[in-house]
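Knowing the structure of chain S, use the given hints to seat chain E on it.
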Amino acid sequence: MNKIRNLINITDFTVEEINHLIEIADDIIANPEKYQDICAHKKLATLFFEPSTRTRLSFTAAMMELGGNVLGFDDASTSSTKKGESVSDTVIMAGCYADIIAMRHPKEGAPVIASTKTTVPIINAGDGGHFHPTQTLTDLLTISRKKGGLGNCTIGLCGDLKFGRTVHSLIEAMLRYENVKFALISPAELRIPDYVKETMDRAGAKWVEYEKLEDAIPELDILYMTRVQKERFFNEEDYIRLKDSFILNLDLLEPAKKDLIILHPLPRVNEISVEVDDDSRACYFYQALCGKYIRMALILYLLGIK
Amino acid sequence: MNIDGVHTGVVLDHIQAGKSMRIYELLGLGKLKCCVAIIQNADSEKYGKKDIIKVDGDIDLDFDILGYIDSNITVNIVREGKLEKKVHLDLPESLSNVIKCKNPRCITSIEQEIPHKFKLVNKEKKVYRCIYCDAEFTE
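One line per chain: the protein sequences are S and E, in this order. Numbered according to the numbering used here, the first sequence spans residues 7 to 312. Numbered according to the numbering used here, the second sequence spans residues 4 to 142.
Bear in mind the hints are in silico, worked out from the structure with no lab data behind them. Among the clues, some could well be false.
To be verified - Facing chain E, a subset of chain S residues (Cβ under 8 Å, in silico):
#	residue
1	Gln-42
2	Ala-46
3	Ser-92
4	Val-93
5	Lys-113
6	Val-118
7	Gly-134
8	Gly-135
9	Tyr-201
Said to hold, decoys possible - Pairs of lysine-lysine residues, derived as DSSO-like cross-links and limited to a Cα-Cα distance of at most 27 Å, are as follows:
#	chain 1	residue 1	chain 2	residue 2
10	E	Lys-103	S	Lys-123
11	E	Lys-122	S	Lys-123
12	E	Lys-126	S	Lys-212
13	S	Lys-168	E	Lys-22
14	E	Lys-122	S	Lys-9
15	E	Lys-122	S	Lys-168
16	E	Lys-105	S	Lys-168
17	E	Lys-128	S	Lys-203
Said to hold, decoys possible - Derived list of chain E stretches under chain S, where covered just means 3 residues or more per stretch with a C-beta under 8 Å from a C-beta of chain S:
#	stretch
18	42–49
19	100–110
20	130–139
Beta carbons: idealized from backbone N, C-alpha and C, even for Gly.
Same shape as in the complex, but just chain S (with noise of 0.2 Å):
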């Protein structure tokens, strides 16, 4: 028996299972219509213990797209949570009914323990400030079809570098690419934490801090914005100090590269300014999209479907 695969950090899959989902993506993009009915009669748990719109939605379009059926749920206070269920039984009941379970939880490290407690493969769609590996794969299929691959960049990380978690997803499989260079650009506050200072460091990657925007984009290939996240704070003073530390708008793209491409995992608050959206390098809105394929991808890699 096949031994069953999980995705609860990117560094789970290899460089070459990264470099095989982008290859199925792309040819999913291709030739759509080969994959329409490939998971007739699969279904797929969207298990979501707090509120997300994206990443649910283009798991429900990825598996609808394939020709399979999606069941779950999408606010903890509808199911048993409420009740007091544990994650655990929550799971293990979700096992008996679905061939693939995606979970989001608000507690970091929740995806661990469900992969214990089922057979059927389970993906990590979030799990606190902690890790996101398939926004991480949405990012990388969209830097590789935007880029024409993966490596030799420098990639600008910009706002809530602390408890972004696509941050830290995105930075732990870009170290796997040849020569990737890091500005993490955020206040003092919500700097990179130190465990992820401590990956780069073990990794040999080059990686500079900055608290302005303006003093590194003009060497930057990729910047990856985020929004400071008023749900991972405890303390709403420090939020709405922060919310507003950093805003791309035109002036400050003036000095960027042509080929620049910006990235945001979604939803932005303020942080990008609308009128970066008509601009050739604005790539966020085809990144969501590219969210959809590669979880297509995903899907069918880890039910085994060829």
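Same frame as chain S, now just chain E:
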């Protein structure tokens, strides 16, 4: 102060002074029916002061707990009044239910009865991280 030698059991020697009670708790020595002696602040040529624990009875020792609390401890295993084996400890690569994750965002803060597990990530600095949330453990 006189305390009898151990006939069959263990002597935990070179415990850093002050740590013996924690070991007593973590190893559950209070639940044993055999004779257990705790000696605190004994003179030590090597460390100045040390604690010693003597257990006169069969016990399954958790070397991970001992290694984590103090890897300088020497474990003397005694059979029939003779030293059978001396075990020197090392920091364990992983810990289960020895320390608890303090990250309020960690799943261990709400999920019932799951083991608190940690992995060693930096031996020199004795850094352990929670296997669920990756938070660094601090004493």
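Status of each hint after checking the structure:
1. Gln-42: Violated: closest Cβ of chain E sits about 37 Å from Gln-42 (chain S), beyond 8 Å.
2. Ala-46: violated, 35 Å
3. Ser-92: holds, 6 Å
4. Val-93: holds, 6 Å
5. Lys-113: Holds - the Cβ of Lys-113 (chain S) comes within 8 Å of chain E, reaching about 4 Å at its closest.
6. Val-118: Hint on Val-118 (chain S): holds, closest Cβ of chain E at ~5 Å, below 8 Å.
7. Gly-134: Status holds, d = 5 Å.
8. Gly-135: It holds, given that the least Cβ distance between Gly-135 (chain S) and chain E is near 7 Å, below 8 Å.
9. Tyr-201: holds, 6 Å
10. E:Lys-103 / S:Lys-123: holds, 21 Å
11. E:Lys-122 / S:Lys-123: holds, 21 Å
12. E:Lys-126 / S:Lys-212: holds, 24 Å
13. S:Lys-168 / E:Lys-22: Distance ~35 Å between Lys-168 (chain S) and Lys-22 (chain E) Cα, so the pair is violated.
14. E:Lys-122 / S:Lys-9: The hint holds at about 23 Å.
15. E:Lys-122 / S:Lys-168: Given that 27 Å is the threshold and the Cα spacing comes to 22 Å, the pair holds.
16. E:Lys-105 / S:Lys-168: Since the Cα atoms of Lys-105 (chain E) and Lys-168 (chain S) sit roughly 18 Å apart, the hinted pair holds (cutoff 27 Å).
17. E:Lys-128 / S:Lys-203: holds, 16 Å
18. 42–49: Violated, because only 0 residues of the stretch 42–49 of chain E bring their Cβ atoms closer than 8 Å to Cβ atoms of chain S.
19. 100–110: Satisfied; 4 residues make the cut.
20. 130–139: holds (count 8)
The structure fails hints 1, 2, 13 and 18 (numbered hints given earlier, in ascending order).
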